[in-house]
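A.B. asks: Put chains B and C on the given structure of chain A with help from the hints.
Each chain, written out:
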Amino acid sequence: MNTFLKISVSALAMTLVTNAAQAEGKLSVYHWFEYIPQELLDKFAAEYNVEVTMDTFDSNESMLASLKAGKLGSYDVSVPGDYMVEIMASEGMLDTFEPSELSNFGNIMPQWVDVSFDKGRHSSIPYQWGTTSFSVNRDAYKGDINTTDILFNPPEELRGKINVLDSQGELLALASLHLGIPQCTADRGQLKALNALVQEAKPHWASFGSDVAKDVLVSGDAAVGMIWSGFSAKARSEGANIEYAFPKQGYVVWMDNMVLLKDAPNRDNALKFMNFLLEPENAAAVTNYAQYTAGVTGTEPFLSDDVKNSPESNPPASPVGSFVAACSQDVQKVYDTIWTNLKK
Amino acid sequence: MAGALTTSKASNNSTYAGLGNLLMLPSWLVIGFFLVLPVGMMLIYSFLTKEFRGGIIWEFSLAAYDQFFFDRGLFGDDPARIEWTYIKIFWRSIWQAGVATFFCLLIGFPTAWFIATRTGNSRSIWLFLITIPYWVNLLIRTISMKFLIRDTGPLNEFLISTGIISDPIHIINTNFAVQLGLFYSYLPFMVLPIYASVERYNFALSEAAADLYASRITTLRQIILPTVKPGIIAGCILVFVPSLGAFLAPDLLGGAKTFMIGSLIEEQFKGNAGNWPFGAAVSMILLSMVLIVLTYYARQQSKSGER
Amino acid sequence: MAKKLDIRRFPGFLPVTYLCLFLLYAPLIIVMIYSFNDSNSITNWGGLSLRWYVDVFWGVESEKFKTAAMNSLLIAVAAAITSTSIATMAATAMLRAGKFRGKSIGFALINLPLMVPEIVTAVALLIFFSMIGFTTGYLTILLAHIVFCIPFAYLPIAARMQSIEEVYEQAALDLYASRLDAFRLILLPLMTPGIISGFLLAFIISLDDFIITNFVKGAGIETLPTAIFGAVKQGIKPNIMAISTLLLLVSVVFVTLSYLVGRMGQNKK
Numbered sequence: 000m001n002t003f004l005k006i007s008v009s010a011l012a013m014t015l016v017t018n019a020a021q022a023e024g025k026l027s028v029y030h031w032f033e034y035i036p037q038e039l040l041d042k043f044a045a046e047y048n049v050e051v052t053m054d055t056f057d058s059n060e061s062m063l064a065s066l067k068a069g070k071l072g073s074y075d076v077s078v079p080g081d082y083m084v085e086i087m088a089s090e091g092m093l094d095t096f097e098p099s100e101l102s103n104f105g106n107i108m109p110q111w112v113d114v115s116f117d118k119g120r121h122s123s124i125p126y127q128w129g130t131t132s133f134s135v136n137r138d139a140y141k142g143d144i145n146t147t148d149i150l151f152n153p154p155e156e157l158r159g160k161i162n163v164l165d166s167q168g169e170l171l172a173l174a175s176l177h178l179g180i181p182q183c184t185a186d187r188g189q190l191k192a193l194n195a196l197v198q199e200a201k202p203h204w205a206s207f208g209s210d211v212a213k214d215v216l217v218s219g220d221a222a223v224g225m226i227w228s229g230f231s232a233k234a235r236s237e238g239a240n241i242e243y244a245f246p247k248q249g250y251v252v253w254m255d256n257m258v259l260l261k262d263a264p265n266r267d268n269a270l271k272f273m274n275f276l277l278e279p280e281n282a283a284a285v286t287n288y289a290q291y292t293a294g295v296t297g298t299e300p301f302l303s304d305d306v307k308n309s310p311e312s313n314p315p316a317s318p319v320g321s322f323v324a325a326c327s328q329d330v331q332k333v334y335d336t337i338w339t340n341l342k343k
Numbered sequence: 000m001a002g003a004l005t006t007s008k009a010s011n012n013s014t015y016a017g018l019g020n021l022l023m024l025p026s027w028l029v030i031g032f033f034l035v036l037p038v039g040m041m042l043i044y045s046f047l048t049k050e051f052r053g054g055i056i057w058e059f060s061l062a063a064y065d066q067f068f069f070d071r072g073l074f075g076d077d078p079a080r081i082e083w084t085y086i087k088i089f090w091r092s093i094w095q096a097g098v099a100t101f102f103c104l105l106i107g108f109p110t111a112w113f114i115a116t117r118t119g120n121s122r123s124i125w126l127f128l129i130t131i132p133y134w135v136n137l138l139i140r141t142i143s144m145k146f147l148i149r150d151t152g153p154l155n156e157f158l159i160s161t162g163i164i165s166d167p168i169h170i171i172n173t174n175f176a177v178q179l180g181l182f183y184s185y186l187p188f189m190v191l192p193i194y195a196s197v198e199r200y201n202f203a204l205s206e207a208a209a210d211l212y213a214s215r216i217t218t219l220r221q222i223i224l225p226t227v228k229p230g231i232i233a234g235c236i237l238v239f240v241p242s243l244g245a246f247l248a249p250d251l252l253g254g255a256k257t258f259m260i261g262s263l264i265e266e267q268f269k270g271n272a273g274n275w276p277f278g279a280a281v282s283m284i285l286l287s288m289v290l291i292v293l294t295y296y297a298r299q300q301s302k303s304g305e306r
Numbered sequence: 000m001a002k003k004l005d006i007r008r009f010p011g012f013l014p015v016t017y018l019c020l021f022l023l024y025a026p027l028i029i030v031m032i033y034s035f036n037d038s039n040s041i042t043n044w045g046g047l048s049l050r051w052y053v054d055v056f057w058g059v060e061s062e063k064f065k066t067a068a069m070n071s072l073l074i075a076v077a078a079a080i081t082s083t084s085i086a087t088m089a090a091t092a093m094l095r096a097g098k099f100r101g102k103s104i105g106f107a108l109i110n111l112p113l114m115v116p117e118i119v120t121a122v123a124l125l126i127f128f129s130m131i132g133f134t135t136g137y138l139t140i141l142l143a144h145i146v147f148c149i150p151f152a153y154l155p156i157a158a159r160m161q162s163i164e165e166v167y168e169q170a171a172l173d174l175y176a177s178r179l180d181a182f183r184l185i186l187l188p189l190m191t192p193g194i195i196s197g198f199l200l201a202f203i204i205s206l207d208d209f210i211i212t213n214f215v216k217g218a219g220i221e222t223l224p225t226a227i228f229g230a231v232k233q234g235i236k237p238n239i240m241a242i243s244t245l246l247l248l249v250s251v252v253f254v255t256l257s258y259l260v261g262r263m264g265q266n267k268k
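Going down the list, the protein sequences come from chains A, B and C.
For the first sequence, counting from 1, position 232 maps to 231 in numbering that gives the first Met the number 0; every step adds exactly one.
For the second sequence, counting from 1, position 64 maps to 63 in numbering that gives the first Met the number 0; every step adds exactly one.
For the third sequence, counting from 1, position 43 maps to 42 in numbering that gives the first Met the number 0; every step adds exactly one.
Hints in this document: simulated from the structure, not taken from any laboratory.
Just so we're clear, the structure is a prediction, and the values are computed from it rather than from any experiment.
Treat the hints loosely; a few may be bogus.
[To be verified] Straight-line Cα separation of at most 30 Å, DSS-like style, residue types lysine-lysine; simulated pairs:
(1) C:Lys236 - A:Lys42
(2) A:Lys42 - A:Lys271
(3) A:Lys25 - C:Lys63
(4) A:Lys343 - B:Lys256
(5) A:Lys332 - B:Lys256
(6) A:Lys42 - C:Lys65
(7) C:Lys63 - A:Lys271
(8) A:Lys141 - A:Lys307
(9) C:Lys63 - A:Lys42
(10) A:Lys201 - B:Lys87
(11) B:Lys256 - A:Lys141
(12) B:Lys228 - C:Lys98
(13) A:Lys342 - B:Lys87
(14) C:Lys102 - B:Lys228
(15) A:Lys261 - C:Lys63
(16) B:Lys87 - A:Lys191
Extracted from the complex, chain A is given alone in its bound form:
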């Protein structure tokens, strides 16, 4: 026992020492875990002779909280979702760059340049995008699934077999689309209707869960699952007989973006990295790994067939999806009350 302790303590001491090793060029990335292939990081490190360190977070909000609590200034780039880019910009957490500083800026698909959360792309580049709606088990229900009624006013056979994402933003956005009201509306009547809608729908839902959104569909615990497109594709490949819906009322589009953080210790390397990720081959590598969609032109030849032909990744031309809006403070307060009411 004693020897074991001695060995572990000295091993711990060694880890502490080896991690303090210095290198010339550095890049510090704050990223989701398992959202970028290790090969790609290695490739960048080798090409530009930069030592890349990566720290990870598990949700947009916890990233924001960490940065606010004092981590801002220790990372160069991060990967927030669309609405979070807007929030971080309004909090003054982002640095800006000129498009001319990125030689591959022209590779960004035109529709993703002038986005609502970063007009003209002065702080961010597209990373991956996808959609959020729901998937239905085709053994359990044969009817039309392209309507948000499946979640909010489900047919008899699906009641009590629905899992929804434990995410206020996406759930209330879909609910707003269902009612045909604008997101983050300040109209009291509409907000009351929104409140009433989720209250009435809740008895039909079996559970709220994000971590297990995929697994409840695969195991058959849920017949309907609100889910992200990439997760649905994975659930299908794992053997679930499910179909991903693009409801006629609309669905949620989300986009993760790489942003340049304020007080980045290695701004130059950060821009090199962003430029690197805008190369079609590298963007495609991320897509093949994460199974979402890149916002870069020319990735087609590098994509695997699975990803290229996935029904989840190819939304119809109409209806179009919409981003989750970042509400004003007053409306957000009502949203929070609705959410608390829902889960009280």
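C.D. replies: Structure of chains B and C alone, referenced to chain A:
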């Protein structure tokens, strides 16, 4: 009864009298510096104005406590009424944690007893057997538990195939599943402290009781329980208090349809709400409740020790 | 001896113990089975395969998980040793040092880490560390873990100490033993079961921590829980099941070794 075991001489002249502060110093340093100070800061935060989307503004405000105790309707401009939402959430968490603690005690006490009555080396093997499952991450263990108890899971299939039941028992996403999740998260925290005190139990006392024709139950109630009480109380604290703030296991098994205290606070810091002062206030209310109960218990105990 | 055994045994305690073990291990059997799953799923069986073990040892991501597992184990061992020592000293102070200033709030202080919700500790600690200019890294994780492990070590240790009569140490003192010797030679050996229990609880609570670690860890440092919880973009894959099974194997090997070493020590005596 416990008094009979501790000789009165001991409390008059303690072995390490005068060393109290020295021995407490490391705890004071570590906990004082890395917990009391930060949490003190949180106490201040609970009286400050919230910054939109997380963070605080240095302006005094009672808004967080107001939100906890008063209901002002969906839009915040109705006349104030008593807010039951959060009280209900507290009550629910206390109830679930209490039931889980009860089950832990029910299973944990006999197990601890059994282990304590093994001989020398095999005891440590048993102790490790109880803790080895906890080398596997809680999330993974909980997901596997979910797999086991689902409607079409192995448990139900087994029960149906043996003919005990004809329809699957629906466990998942119920209150019972929440309690099961808490029970499963904290079981060893009941077993080990009880083991540590039962191991010390002097079986000559049971013998004496048996000689006096006491039944097993009487012996258990009158002699054994008072002796091992410190272990039972330690175990109950270690299961109940963390259960109050837990959210992972109850959410995964219980379906997260309702807030527990833990998930309510989590939402304030990591969710959309981003209301740090309110999260801090809820924590402070929880903290003071537990603190009052524990201090009361500690005082009772030191009183009975002095007698 | 036979008579003693009879008193020790309560009808029903043995079955309850087996029930307890069954409840603890049943989910682990699922973990082990699914670590051999050929599919990407953790709930659908796709045939027998060793691919996830290959992935754990030779996959591109394997290095990350290996370091994460190593970090977790080392931090847990270091945090458990430190907090158990601190807790033993504190228990001696609270139960064996008579009255002293600050004793009355000592109990509350030691149990404070238990009472503060984890997320609050996490955010507060991170703000605090950055306020005093402490760079997040191994040290911040270790300090945080030591803090929240203390009550888990303290409670079993104190429960044990309460059930040991002080007469033994008093007798030693009467025979002119120093107080250090009374502690080292009398109290500590009697305390062993309590200390082992406290150490084990501190160890597993440190090994499992996600929320606090997630906030106070520095760039490039993962522990196993942060790696597992962070996998939200990919979903949980059976490679986690394989890692868990390997960890179980490590723990079983460790326990068997310490058992054998313990028996050898006894034989020598």
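A.B. asks: Now tell me if each hint is right for this structure.
C.D. replies: Here is how each hint holds up against the structure:
1. C:Lys236 - A:Lys42: Roughly 25 Å separates the two Cα atoms, so the pair holds.
2. A:Lys42 - A:Lys271: holds (13 Å)
3. A:Lys25 - C:Lys63: holds (19 Å)
4. A:Lys343 - B:Lys256: holds (8 Å)
5. A:Lys332 - B:Lys256: holds (21 Å)
6. A:Lys42 - C:Lys65: This hinted pair holds, its Cα atoms lying about 21 Å apart.
7. C:Lys63 - A:Lys271: holds (24 Å)
8. A:Lys141 - A:Lys307: holds (26 Å)
9. C:Lys63 - A:Lys42: holds (17 Å)
10. A:Lys201 - B:Lys87: holds (18 Å)
11. B:Lys256 - A:Lys141: Holds. Lysine 256 of chain B to lysine 141 of chain A sits at ~27 Å (cutoff 30 Å).
12. B:Lys228 - C:Lys98: holds (23 Å)
13. A:Lys342 - B:Lys87: Given pair lysine 342 of chain A, lysine 87 of chain B holds - Cα atoms ~11 Å apart, limit 30 Å.
14. C:Lys102 - B:Lys228: holds (22 Å)
15. A:Lys261 - C:Lys63: holds (28 Å)
16. B:Lys87 - A:Lys191: holds (23 Å)
Violated hints for the displayed structure: none, as all numbered hints are satisfied.
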